[in-house]
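Engineer: For the record, the sequence lines run as chains A and B.
So in this note's numbering, spot 153 of the first sequence is number 168, and the numbers just go up one at a time.
So in this note's numbering, spot 138 of the second sequence is number 185, and the numbers just go up one at a time.
If you're looking for bench data, these hints aren't it; they were derived computationally from the structure.
This one's a predicted model, so the numbers in the text were calculated from it and none came from an experiment.
Heads up, a few of these hints could be off.
[Claimed, not checked] Reference listing, derived: stretches of chain B covered by chain A, where coverage requires no fewer than 3 residues with Cβ under 8 Å from a Cβ of chain A:
no. : region
1   : 96-110
2   : 207-219
3   : 229-241
4   : 301-313
[Claimed, not checked] Quick list of simulated restraints, FRET-style, between CB atoms:
no. : chain 1 : residue 1 : chain 2 : residue 2 : range
5   : A       : Gln196    : B       : Thr97     : 50 to 58 Å
6   : B       : Leu92     : A       : Asn267    : 29 to 37 Å
7   : A       : Ile114    : B       : Leu51     : 33 to 41 Å
8   : A       : Leu37     : B       : Phe142    : 19 to 27 Å
9   : A       : Gln196    : B       : Ile119    : 33 to 41 Å
10  : A       : Leu19     : B       : Lys306    : 51 to 59 Å
11  : A       : Val38     : B       : Arg145    : 53 to 61 Å
12  : A       : Glu107    : B       : Phe69     : 53 to 61 Å
13  : B       : Phe142    : A       : Pro110    : 37 to 45 Å
14  : A       : Trp212    : B       : Gly220    : 43 to 51 Å
15  : B       : Phe69     : A       : Leu19     : 53 to 61 Å
Just so it is clear, CB atoms sit at the ideal spot from N, CA and C, and this is done for glycine as well.
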Amino acid sequence: MNRLMPRALMAPAVVTLLLWMLVPLVMTIYFSLIRYNLMQPDQTGFTGLLNYEFFVTDPDFGPSVINTFLLLGSVIAITVVLGVALALLVNEAFPGRGIVRVLLISPFFVMPTANALLWKHMMMNPVYGVLAQVWIFFGKEPVDWLSDFPLLSIIIMVAWQWLPFACLIFITALQSLDRDQMEAAGMDGANALQKFWFLTLPHLGRSIAVVIMIEMIFLLSIFAEIFTTTGGGPGNASTNVAFLIYKQALLNFDVGVASAGALFAVVLANIAAIFLIRLVGKNLD
Amino acid sequence: MKLLLLLVRTLAAWSITLLIVFPLIWLALTAFKTELQAISVPPTLFFAPTMENFTEVNLRSDYPLYAKNSVITSVLSTLLGLAIAAPAAYSMTFFRTRRTRDILLWMLSTKMMPAVGALLPVYVMAQAAGMLDSIAALTLVFTLSNLPIMVWMLYSGFKEIPPDILEAARMDGASIWGEFRHVIRPLAMGPLASTGLLCLVLSWNEAFWSLNLSSAKAGTLAVLIASYASPEGLFWAKLSAASLMAIAPIVVVGWFSQKQLVQGLTFGAVK
Chain A
16 MNRLMPRALM APAVVTLLLW MLVPLVMTIY FSLIRYNLMQ PDQTGFTGLL NYEFFVTDPD
76 FGPSVINTFL LLGSVIAITV VLGVALALLV NEAFPGRGIV RVLLISPFFV MPTANALLWK
136 HMMMNPVYGV LAQVWIFFGK EPVDWLSDFP LLSIIIMVAW QWLPFACLIF ITALQSLDRD
196 QMEAAGMDGA NALQKFWFLT LPHLGRSIAV VIMIEMIFLL SIFAEIFTTT GGGPGNASTN
256 VAFLIYKQAL LNFDVGVASA GALFAVVLAN IAAIFLIRLV GKNLD
Chain B
48 MKLLLLLVRT LAAWSITLLI VFPLIWLALT AFKTELQAIS VPPTLFFAPT MENFTEVNLR
108 SDYPLYAKNS VITSVLSTLL GLAIAAPAAY SMTFFRTRRT RDILLWMLST KMMPAVGALL
168 PVYVMAQAAG MLDSIAALTL VFTLSNLPIM VWMLYSGFKE IPPDILEAAR MDGASIWGEF
228 RHVIRPLAMG PLASTGLLCL VLSWNEAFWS LNLSSAKAGT LAVLIASYAS PEGLFWAKLS
288 AASLMAIAPI VVVGWFSQKQ LVQGLTFGAV K
């Protein structure tokens with residue numbers, strides 16, 4: 016009884032997660048090997064690797080991979096660099112620090128579709144948007160953000176959402192920084208830059224790694240922001256791998272090709288996952 | 048010199064913060080403008096606030112239905128998730144075996160599967176079961192995608208409960224059930240509450256599954272807001288009012304529990 020009980024308690028979670036992982040995976044692999052188009056139900060049969068070939072030779076494939084990494088890389092760079100700077104800024108005491116910290120996190124809790132439309136309309140509209148007004152105020156021609164810089168626009172929206180997350184993690188990490196050590200370094204004549212480079216940055220190393228990897232997991236499949244603003248366009252200018260799979264599946268109804276793409280996305284995500292799991296695993300006493 | 052530094056720091060911190068929060072402030076302001084004021088050039092800063100948008104959104108766009116769907120799916124998936132995750136985390140914390148660590152890491156790895164990788168099978172299954180655009184399907188998918196995070200967060204919370212207390216209870220002859228009721232339950236309320244909160248936030252804001260699996264019947268607020276992307280997007284004041292109602296509750300929850308929520312998302316890797 017006492018030996019069975021712990022297993023019985025664990026079983027529901029283990030079984031549901033196992034199903035949630037295996038069933039879709041097996042189905043995706045199966046779909047990727049057959050002819051399966053929702054609009055052409057009469058076409059069936061095993062096609063081997065034809066779906067993979069089709070997905071990879073799609074003219075949108077190359078750009079979508081590049082866009083995925085551009086989006087990922089830019090957002091990570093922006094959030095980590097600005098996040099560290101911001102965390103250092105609000106780490107010391109100043110009037111209203113508590114309120115600032117609370118306000119800062121707000122964008123992280125805004126749902127992606129609301130975030131996207133807020134930026135698309137109220138901020139980036141080339142005629143009535145706030146940014147256009149600012150540009151006019153400085154005597155410049157307003158920018159049509161979503162048509163002329165679609166990927167950059169998405170990057171701005173996503174970075175706005177994730178900067179607060181990164182910042183909060185860094186603030187938490189800074190709190191365990193050894194103050195005595197910092198003071199000792201100061202006494203030994205280290206300047207602010209040296210203290211940052213040799214003490215603060217190494218201390219933040221672990222949390223930077225965590226932020227990068229968690230953002231990788233979530234940003235590899237950015238979808239809602241693209242879906243609600245640019246629809247992947249103009250052309251394929253803001254299509255990432257996740258959106259390309261969606262297009263193949265629910266707009267072209269080609270389940271086979273989309274499944275091949277989905278497996279590609281899974282492999283991509285797993286590369287990121289291996290690193291994160293190792294890092295977290297080390298922390299498990 | 049020190050005072051100057053403090054002044055610079057205060058000014059910099061406040062202006063950067065206001066800059067970052069500005070879009071949200073603007074959204075809140077626009078929600079109380081008339082449609083004409085919302086798109087006026089130059090922007091209207093001083094105006095008589097109107098509640099018209101909120102009543103319009105409530106009457107015209109079925110807002111209450113979508114809000115109801117959001118509340119039902121996020122609350123149900125949170126409760127269901129806790130019901131499955133809590134026993135598992137409890138077992139892993141207090142009856143550790145050699146394999147516990149592997150199971151935990153495996154659970155984490157399932158969270159890293161990109162949602163888009165499971166989209167087609169889930170869509171096809173939901174279609175076959177007649178569950179497209181149903182609250183049941185959304186609740187189930189939300190629960191499953193949050194489950195790994197919930198087990199992890201509960202596990203790291205339960206680990207803080209001192210094992211001595213349990214040993215004392217076992218010495219006194221408490222059964223597993225008695226031990227759970229009298230010793231663990233009171234101490235576990237904290238982790239359970241913060242895990243539930245995180246799950247609530249994640250489900251409320253979830254957009255990938257709700258956009259793909261639901262529309263007019265079971266759509267959540269994320270879907271309603273997305274529908275403003277096309278024609279209605281021209282009505283900025285109404286979009287703002289709808290968005291404000293959709294995000295305000297969660298942002299306020301976030302303000303009060305930011306630390307636990309963000310730590311939950313990092314799987315306890317940053318202390």
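Engineer: For every hint, state whether the structure bears it out.
Structural biologist: Cross-check of the supplied hints:
For the region 96-110 of chain B, the stated coverage by chain A is not satisfied: 0 residues place a CB nearer than 8 Å to a CB of that chain, which falls below the threshold of 3. Only residues whose C-beta sits within less than 8 Å of a C-beta in chain A count toward coverage, and the region 207-219 of chain B has 0 of them, not enough to reach three; the restraint is violated. With a threshold of 8 Å between beta carbons, the proposed coverage of the region 229-241 of chain B by chain A is violated, since 0 of its residues qualify and at least three are required. With a threshold of 8 Å between beta carbons, the proposed coverage of the region 301-313 of chain B by chain A holds, since 8 of its residues qualify and at least three are required.
A hinted range of 50 to 58 Å holds for the C-beta pair glutamine 196 of chain A and threonine 97 of chain B, which are about 57 Å apart. At about 47 Å, the beta-carbon gap between leucine 92 of chain B and asparagine 267 of chain A misses the expected band of 29 to 37 Å. About 22 Å separates the C-beta atoms of isoleucine 114 of chain A and leucine 51 of chain B, a value inconsistent with the hinted range of 33 to 41 Å. Look at leucine 37 of chain A against phenylalanine 142 of chain B: about 26 Å separates their beta carbons, and that is inside 19 to 27 Å.
Against the hinted window of 33 to 41 Å, the Cβ-Cβ separation of glutamine 196 of chain A and isoleucine 119 of chain B comes to about 52 Å, which falls outside the hint. A beta carbon spacing of about 38 Å between leucine 19 of chain A and lysine 306 of chain B contradicts the range 51 to 59 Å that was offered as a hint. Distance hint check for valine 38 of chain A and arginine 145 of chain B: the Cβ-Cβ separation is about 28 Å, which falls outside the suggested range of 53 to 61 Å. Checking the proposed 53 to 61 Å range against glutamate 107 of chain A and phenylalanine 69 of chain B shows it is violated: the Cβ atoms sit about 24 Å from each other.
Checked against the hint of 37 to 45 Å, the C-beta distance between phenylalanine 142 of chain B and proline 110 of chain A comes to roughly 50 Å, which is inconsistent with it. For tryptophan 212 of chain A and glycine 220 of chain B, the hinted distance range of 43 to 51 Å is not satisfied, since their beta carbons lie about 59 Å from each other. For phenylalanine 69 of chain B and leucine 19 of chain A, the hinted distance range of 53 to 61 Å is satisfied, since their beta carbons lie about 58 Å from each other.
Checked against the numbered hints given earlier, the structure breaks hints 1, 2, 3, 6, 7, 9, 10, 11, 12, 13 and 14 and satisfies all the rest.
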